[in-house]
Structures are given as C-alpha cells and as structure tokens.
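Novice: One letter stands for each residue in the lines below.
Number of protein chains: 2
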Amino acid sequence: MTDPLRIAVAGLGTVGAGTIELLHKHADSLTLKAGRPIVVTAVSARDKSKDRGVDLSGARWFDDAAVMAGEAEADVVVELIGGEDGPAKAVCDAAIGAGRDIVTANKALLAIHGTELARSAESRELNIGYEAAVAGGIPIVKAIREGLAGNSISKIYGILNGTCNYILTEMRQTGRAFDDVLAEAQKLGYAEAEPSVDVDGFDAAHKLALLASLAYGAEVDFGGVYIEGIRAISPVDIEFAETLGYRIKLLGSARLTGQGLEQRVHPCMIDKDSAIAHVEGVFNAVVASGDFVGDTMFEGRGAGAGPTASAVVADLVDLAAGRRTPVFGLPAPQLQPLARAPMEAHVGAYYIRLTVADRPGVIAGVTAAFKDQQVSIESMLQRGRSETEAVPVVITVHETSETSIRRALESIGAMDGTVEPPHMIRIEPL
Amino acid sequence: MTDPLRIAVAGLGTVGAGTIELLHKHADSLTLKAGRPIVVTAVSARDKSKDRGVDLSGARWFDDAAVMAGEAEADVVVELIGGEDGPAKAVCDAAIGAGRDIVTANKALLAIHGTELARSAESRELNIGYEAAVAGGIPIVKAIREGLAGNSISKIYGILNGTCNYILTEMRQTGRAFDDVLAEAQKLGYAEAEPSVDVDGFDAAHKLALLASLAYGAEVDFGGVYIEGIRAISPVDIEFAETLGYRIKLLGSARLTGQGLEQRVHPCMIDKDSAIAHVEGVFNAVVASGDFVGDTMFEGRGAGAGPTASAVVADLVDLAAGRRTPVFGLPAPQLQPLARAPMEAHVGAYYIRLTVADRPGVIAGVTAAFKDQQVSIESMLQRGRSETEAVPVVITVHETSETSIRRALESIGAMDGTVEPPHMIRIEPL
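First to last, the protein sequences are chains A and B. Anchor point for the first sequence: position 411 equals 411 in the numbering used here, and the numbering is continuous, going up by one each time. Anchor point for the second sequence: position 389 equals 389 in the numbering used here, and the numbering is continuous, going up by one each time.
Everything labelled a hint here was simulated from the structure, so no lab data went into it. Hints are not guaranteed to be accurate.
[Claimed, not checked] Only some residues are given here: those of chain B computed to face chain A with a beta carbon under 8 Å:
1. A143
2. E146
3. F292
4. G294
5. A309
6. D318
7. R323
[As the list claims (entries may be wrong)] DSSO-like cross-link-like pairs, simulated, lysine-lysine; straight-line CA separation at most 30 Å:
8. K25/A with K48/A
9. K187/B with K155/B
10. K272/B with K272/A
11. K155/A with K50/A
12. K155/A with K48/A
13. K48/B with K187/B
14. K371/B with K155/A
15. K272/B with K155/B
16. K50/B with K187/B
17. K272/A with K155/A
18. K155/B with K272/A
19. K50/B with K155/A
20. K25/B with K50/B
21. K50/A with K89/A
22. K155/B with K25/A
Quick caveat: nothing in here was measured; it's all calculated off a predicted structure. No residue lacks a Cβ here, since even glycine has one placed at the ideal position from N, Cα and C.
Please work from the sequences and hints to get the whole structure.
Specialist: The structure is reproduced here in structure tokens:
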C-alpha cells in the first residue's frame, strides 16, 4: 500500500478549500502517518472560474459532482456539498455504486439516510467517514466508536451547535435579546442568513441522532428526536437562571429508558458549576458516560473550515492507512431499530416562567393548577411589582412527568390573569 | 478474520482483573465491534491461588510472565505488571521476539524504552497499544495520533496525575496541608504507600514524554522532562492563588521552541476561569492545540481499574479489527531526536512566596535583588503583620527568564531577613 490514496472532492466551499489546503500544507507528515500520499485527483463545484485560494492543478474538473463520484479516478469521494437529499445524496449513491469509500461532513444526509447508506456501503466493503459531521474538529466519532468501544454507554449528551451556544453565551454576557444577538451573529458569520436549521435545533438533532446510533448500536432515527430550539429564551430566563444557580444551554441528549431510546434537543438549565456549563461561544462539547470508563468529556470548535478540514483529513488518513470501522460501530445489519421513548414519558424538574397580572388570586390559581396535576412546587420568584403591568413569575417544580407539566401549563395558559403563554425550560441533572 | 484474537494477560492486579471482567461482560458487543471474539488464552501473576473475582478457566496459567509472552498461544500479550524495567520489559521483549503484538498500561516502561520498543516491534510489523498508559480512560493517544493527524500541534498540556490533582483539590477545598491530605489519600486508595512517583511528578512526566512524542513526531525523551512535584505547595500558596485569580494545578506541558522541545512538569498558577482549572479531584484532562482544529480538550478519569480496562480493551478491539497505527504516529525510524530546550531558557511570569522578618529594610533588599536581575515586579501582597514572627510575602513578577528569577531568588535566599528559602510557582498563560 504505497500507491497514493486518490480522492475526489465534491464541493469547494470553505470546508472543501480548507481540506485541500490542509492536504497540501501537511503533505509530508500525512504521507508518513498514512504510509502513502493522499492526492486530490478530481474536484467538482458550481463555479469553475472562482478563485478559492488553493491550487487545483492536477485535479480533473467535473461540472457534475455525481458524475465525478462515479467516473473520477479516485479511491475516496469527499462529499462537502451538504443537504439531506439532492446532489449530496446522488454523490454518495454514485460513489458507492462505483465502489469508492466516502468521507462526508454532511450530518443532515446521514441523520436521514445513515442506516441505509451504511448498509449499502458495508455490503460492498466500503466505508463512510463522517468525523466532520459531528462536533466539528472534536474527534468524537472515533472516541465513541473506537476509544470507548469497551463500554456500555449509559448517557451521552452535548453542546452540538456552535451558533446556538454563541448566541446563548452572548445573551448571558451582555443581557441582550435573542433577535439582537442573532443579527450580530449573522453579521459575524456565526449564523446563516436562514438561521432556522441552527436556532430551531435541527442541526443539533442531526448530530444527536448520529451519536445515539454510535452509542447504543441503534439504527439512526432522526425522526425520533424531540426538538426545541432557543428562540423562546429571553434575557429574563437567563437572569433567573443565574439567580437559581444555572446556565442555559441547548443540549442534545440520548439515553436508553425502559420505554426505548430517548433522544432530546432542547434548552436546558444546568448546574453552573458543571464542566459543560463552562463551554462557551462557538465551542462544542460532548459528555459520554460508560460503565467502565465513567464520565468523559470532549471539547473543541464545532464548526469552521479549519476544524472541519481537520476531521475530514483524519478520516482520509484512516482510509489511506487501511484502518476501517463499521460506520456506526456495529456492522449495519446488526444495528437495532429501537423503540422511541415518548417525550410525554420524560420525567424531570422544570423551570416555568409565567407572565401574569399582579393581582390577588392569580397566584392561587397557578398553584392550584399545579396541584391538580400533582406537580410539587420547589420555589417561586417574582421580579418587581406593578399594579398596571404584567410581571414575570418564575416557578421551579420538583421531578414530574412531561405530561403533567404540559397539562398544568395548559390550564395556566387559559387562565384569566395569564398575559402571555407560559414558558418552560427543563432542568437537567448532569 | 473471524478466528478469535487470543490474548495473554501478564499481571492480574485490579487492572488485569478489570480487563478480564470487561472482556467477559461485553463479549457479545465486542465480538460485533471487532468482527471476531477476543479470548483470554493465558494468564500470569505472582500468586496462582488468589481469588480475583474473575473466571480464569480456559486460560493457561504461567508462573513466569516472560515465558508466557514467548510461549502462550496468543496473538497479543497484555502487559499489566508495571515498572520501567524488570519483568515488564522482559515480557515485552519476549512478546516481540515471538511475533506478538503488545498492549500495555505501562507509562514508565514506554517513557524509558518507548522508541527502542517501537522500532523493534515495527520492524517485525508488530504493534504496541498503550492507550491505558496516558490519562487512563481518556482515549487521548487515539485522539492525538489519529483524530488530530491532520494538524501541526502547537502546544499540548494537561493534568496527567490524578493523585496530585486530588490532593491539590482537597487542599483548596478544605484548607488543609499537603501531608495531611496525602495521608488521607493513601487511606482512600488514591495515593500509594510510597507516593513519590506520583507527588514528585515522575508519573506525570512519563505520560508527558509519550504525549510529546505523539504530538511532535519526536523520539520519546523522558530524560528531557524538567520535573517538580507538589510537596512544596502550602495552604498559603493556595490562598494567595485564589486572591490573585488563579488555581494551582500540576501540569505537564510540551512545546517546540527555537531551542528545541520543551517538556515540563511542575505546579502552575492558571487562570481560575480556564476550562482546565475546573478539572478537579482524580480527573485528568489534556488540551491540544492544532493549526487547523484550534483548541481541543479531553477529560476523564485518569486511573482506576475500570477506566484503565476501558483503554486496554479499546486497543485490543483495534488489533482484533486489524486497525494498526505506528506506535508514536510516525513510523519509528522517522521519529526525530529533538534537541532539549533548556529549562533555564524558559520565559514566563512567576509567583514568589517569601518568608521574611517583618522589619525595615528587608523588602527594600528583596526589590533590589529583583532589580539587579532586571525582573519587573507586578504585585506584592503581605498577609498579616508581626514584630516577632516571620510573615509570608507574595510577589508576582512580569515575564522574565528562568535564569533571572533563579538568580534573584538565590540572592534573596542568602539575605539576612529571609527566614525560609523562597518558594516559586510558575504562572502559566493558557
């Protein structure tokens, strides 16, 4: 195995250009580490004339990435187009059809089609590397799949979206509102012009579905992820969180319950002294607990050209060196179609923010609504008093079921003194 | 490759027993992950009659571990005896001689003989797995060697000894003195009866030498590590650290300087808001910065039967699955014999604690000693006043060279009003 590993790169955005830059810059050490050179033999992107700041001479240009995936002289197709279907899917199908390994940063594609692609690739003894798809430059796929292979994982959770973490960090540090910080993040390039995939939790959910598959030997089940984003978080929540000893983070978490696999992405109140509470800005972190290893945490940059290229190249070095692993840890036919633990069955403590008229009887109505659902109040805080305006009231409740809390909030929302719909954030013991 | 991977285990202490327990408990999932079973065919330990709580039937007993390494029907020899020479070295030499791969948790052995063993093993196309030798259950060897293979590493540092971190954490949280906390740690099993290897920094230095080799493609150079332990840290230092916004941690750190490879293990004052400052108790953490990935941090339990077994088994699964990597990342003949950057050339800020008579002229003498070495004082703090007793005075100085600070402390130590030798802790910007 001293022939070069030939790669065809589909997509030459910042990650594609960054990957090629890395391969050039560290060509010598990569050749030593992999045992043979890694060379770019083909590339494809929308606009051939664009200057991407990297040397593409020596690589054959293809206008059509799927044609390239099928026809280029390549051992590996690197898919950096993105999107859960369309060209990215066509590229992967063509690569597998032509007997080529795949390396991709595409979490959406794998969250939807991961099990099917793994089956298809593995049946032809092909590999799909996707270190870059989960938590950017953190080698978390390798850590779970290989480094912690000796463990039964009891829980896995993490900060999986840098845009949301940046926004929440800024909101906390500056006291500004979500919309304001989002606009700034867009200007700085930390958030997309169309931010929904990030701020509504879908991107984190894509990554969580992949982590859950790896951790539990399960078929990838993006449809089974309960998803809430961070749009509803207000500066008031962040202030109250500090008062109560919490930080608000968008966490993705997965665990096996008696009812099946629970996969959740939503804002959480977490102990502000916990290690993951200190993961700030665009950083990502993943915590995995194993029966032998105990708690482990992995932290680093979750996005960007450099970190993503680092992960893509790690996968390429593995392939060049002949190191192969089943895509999701177990051979694809062995992945289990686990039952979905319904979110309604989730049990936990809750933080609830009400906006109510400050007049006699309103709080009595609220407490009665909780009592009706057997929900036990832990604390109640009111910020300011006003005879004319509504005031925020924050209540934390002891462990109860999602069903009970939703019913209580529904009846509180329908009450006369309630000015805005009640807002709830789950308190997560870590 | 569906024949079992046959392993011979040398050493049946808590780690050996834990490894066998793990292999039994997770036999089914490990077989799926590795593509074939991993079976213990031979074991060796001092006392055959001892009950270790694990089933050893089916494994052939050897009284002599080195004989086992050479003669057992095994593909891999797992060396869990420990010690930098003696039986552990004999086992590894015998294993290589007989054409068997090695998995070991022995940091001392590899810190001293790593390059030689890697050359010897690789020349016979054999592998040495040592994930368990560095930072216990944290898959840091895999992370640096494979996960971050695409990066040039600019710095790597970490909390590499759980005993020291436990002692420093306890000292900070309870205000107690080193000796007192050490005695308790010994009672709890967190420190050995003979604690020197841990508290004097040697164990951390062994691990650092391995990390530095991995990060910089260098021959393992334990002799090049500057080592200071934690015995001299007093409760007064910990109190002053808090006042100044620092935490005291025993860090091992390595980086390339213009003069060569700098490898240091010593107590550091670090920003108490930094992520690694929050790594407490028996936990370990490693931070690695790469040119593409940026900062990454890996945290977990640094010792104990479970975490160590987790790491040993990860190496075994890699071998069973046919995943092989050069021992120190680059093929052994390519490892560079890097020059040693002398500690005297180290440049940094310093915390200095003096114990001096509280009388006119003493402080003037101290400041003159710094001025003579061109050392610029940043702050000076005195705790209490006393006309009869000596008082601690703490001085922090701006960036200067190790040579200058040592000269200044030497002349201060020789001064009339100095009651105890000056004590210095390096301030580490992270």
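Novice: Hints the structure violates: just list their numbers, smallest first.
Specialist: 9, 11, 12, 14, 19
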